[in-house]
Amino acid sequence: MRIFQHVTDIGDLSAALAEAQEVKRNRFAWQNLGHNKTALLIFFNNSLRTRLSTQKAAMNLGMNVIVLDVNQGAWKLETERGVIMDGDKSEHLLEAIPVMASYCDIIGVRSFARFENRADDYEERILNQFIQYSGRPVFFMESATVHPLQAFADLITIEENWKPSNASKPKVVMTWAPHPKALPQAVPNSFAEWMLAADVDFVITHPEGYELDPQFVGSARVEYDQMKAFEGADFVYAKNWSCPGVTRPEDYGKVLDDYHKMMNWTVDAAHMAVTNNAAFLHCLPVRRNMIVTDDVIESPRSLVIPEAANREISAQVVLKRMLESL
Amino acid sequence: MRIFQHVTDIGDLSAALAEAQEVKRNRFAWQNLGHNKTALLIFFNNSLRTRLSTQKAAMNLGMNVIVLDVNQGAWKLETERGVIMDGDKSEHLLEAIPVMASYCDIIGVRSFARFENRADDYEERILNQFIQYSGRPVFFMESATVHPLQAFADLITIEENWKPSNASKPKVVMTWAPHPKALPQAVPNSFAEWMLAADVDFVITHPEGYELDPQFVGSARVEYDQMKAFEGADFVYAKNWSCPGVTRPEDYGKVLDDYHKMMNWTVDAAHMAVTNNAAFLHCLPVRRNMIVTDDVIESPRSLVIPEAANREISAQVVLKRMLESL
Amino acid sequence: MRIFQHVTDIGDLSAALAEAQEVKRNRFAWQNLGHNKTALLIFFNNSLRTRLSTQKAAMNLGMNVIVLDVNQGAWKLETERGVIMDGDKSEHLLEAIPVMASYCDIIGVRSFARFENRADDYEERILNQFIQYSGRPVFFMESATVHPLQAFADLITIEENWKPSNASKPKVVMTWAPHPKALPQAVPNSFAEWMLAADVDFVITHPEGYELDPQFVGSARVEYDQMKAFEGADFVYAKNWSCPGVTRPEDYGKVLDDYHKMMNWTVDAAHMAVTNNAAFLHCLPVRRNMIVTDDVIESPRSLVIPEAANREISAQVVLKRMLESL
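Protein chains in written order, with our numbering: chain R, 1319 to 1644; chain F, 1319 to 1644; chain G, 1319 to 1644.
It should be emphasised that the hints constitute simulated quantities derived from the structure, not laboratory data.
There could be a bad hint or two in this list.
Same chains, same label: a pair holds when it works inside one copy or across any pair of copies.
The calculated lysine-lysine pairs, modelled on DSS-like cross-linking and capped at a C-alpha distance of 25 Å, are [claimed, not checked]:
1) LYS1355 / LYS1342
2) LYS1499 / LYS1407
3) LYS1579 / LYS1407
If you're wondering where the values come from, they're calculated on a predicted model, not measured in any experiment.
Let the sequences and hints guide you as you build the complete structure.
Given below as structure tokens:
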């Protein structure tokens, strides 16, 4: 594997899930693979879970790890050719990326949406430059539009907690929920993409205007009535996102309605009551009593902690496959 | 050992000191113990000695180390239940702590006194939350009220430099000394606690109003006449601290008198002259000619550098014992 | 090797270059040497290439690495004796340096010129204090006046790319080039020093007033006519530097003329046309179309990426020799 961005990059999902369980049973079994190999983790944005879980995964594999924090403000890279660089950008990416690549074997990059304009974010310029100019395998540690390490961990968690009864596959509902700030679409984009590729019955529910980009949600069923969407759900995946700007690009990155008016979208016991005793998932960090009530997130059906713990596993499978491809 | 906070956590002091010497003689002898084990070191506050010595100790033991710097301002954790999290706190500790714990085997935390109010600091809310919610061994890398890695290193240093003559045990004097800023009581609290548990003759001297909390100083002898306290001392341990607020909680964290008036408390040659050729100790960093004069800290009887070097040893004993308890 | 500052510290250059190639062929062959040895890398200033390449080199050798970022503003060290430390400096270097040294085996330090006054920078006070008080091998990761890891990498790159024809040795031209900010002289100082010691025909070209310090350039030929200097060059090494203040100390660290007036010094195709199909070198980061045009830096004769990659090799030779001296 040379790029980890989309669900298609991981290939057959059953094989990937089986490999995840193999890794989880014995996470130190592949240290010959990582011996004298170096992962460079580049953070243009803050990170807690991704930073820790990816370091842990790389060390599990016997790799060396170098973490590089790049203050997005302090280190501005020029990206255009022909520019006279007499301003605040002291280096061109055409030098910076190959140089960083020369000191490592595998590169992970985190770089969030900037919300300046939709096209800039959705063309994934920064990550694509790393893919194009580094000559190394590149994995996305959350980009402007995707967070595949999260979605893979989510899928692992769903598979571990799905106990088939009548239904042949679980009903998974991804629900928008209120939040005081404008958040990116990376997590819901990837979750949708992965669920559509997995063997689940997938439904998305959100207020009108928050339609996700078709490249990620494809033909997924969207149900604007949240309670109706929750009916019979086996897994509820809550997440806020700002307007993706699909129909009105000028609304991209906006919060369409004051969150105080949207508090009926908070996942609470009444919502969960109409589900099939659904498990609750969230990528974290989560704002309690905005996204989800205390009682739901603390209930025995809340999987948020094992879900976060599976971030180590998803990262390790990705790194393992990249090591195998070197 | 699952918690390292108080002197009682280390058990028998003679055994701990013997183990410290064993570790010091061959610090790389326990790498099988730490192999594939990960220490997560979380810094809510700045650190030089603790950061370096604890990393070194963990690596001596063959552990993987992940250092996490948490800007206290940038990452505010909600600690109450029932709150609608629509403010500046984006994560609840009930999620954050178990998640961090899931990526490591042992957790060290540094979090200083905030001086907002005495009760908040003295109940050690942050550290206790890590103990309660992480499910991992937790050691204190200086908290609001204690700095046990320092006190253990101090004790090791005293033992290494005590040459019994007439007295069966050394006289150890902890003296307050002037400083331009308000400092926490963590270091004097722990030093007192450890000295009272050790086989030494312990005396504390400080201006009136700086009485330390009884939970740490217990029945220790307090001598308000500094020169009298120094008479016959074998070890002088200097440290500034702000008002502990024991009798007047409203004075907690205050500097009671302008330091210019207190400069007769600076440890100088005249003070040392009345001792039994005492060794000089300080936890560092130290402000010269405030806490201690150049000539005293540079004298052959100054042990501040080997004392700091013993921070690696105290940390390694603590980590070793925690590894043994996994 | 106990100090790595000047070209003389590396000894015979042919031997050093041969060792560099040996390291490059098998960079993991000396891990017994670094086992259980710790490199402490202290950054008083920002770093990308040096930070990554030196970590990589140390890990290649099997060493443990601790990186310490010291915010120059936040951690001010007192350097004078006799001062009453009641200001903003909370620690004296006489304590700080030996303590840091006690937790490691080898120390690397980066500390740039401050441009406050020439004497302060050129006496290398900070680095010399590490040499004097640490008791450890100390290598310079760019200081106020030198950047020897860069110059060694430059020399390796020149040797790798010199294909003798008529001339018995290559003509190497170091040229000043325009830049919007005042930059230190560390890179040109070291490059000159290393080239003068190497078996090359060395020429320096710069506008009048930018004469480098004689301790570094010695009797090197200076040619003020840039195009004339370029004639027949085999290697062109471009770099901006501010006024070294050799003849007028009051001009130290200044940009003598507005860069807009100096743009004819930018290395472009017309410059390269008069060379002997010269290779282009620059230490990076480089401002395109100020220092060098896009077409020159992107041409097949541009060696800037392999030159940067050789930073790993130069650092590894230095660390290897320091390990051998322990």
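- Message: Of the numbered hints stated earlier in the document, which are not met by this structure?
- Response: none
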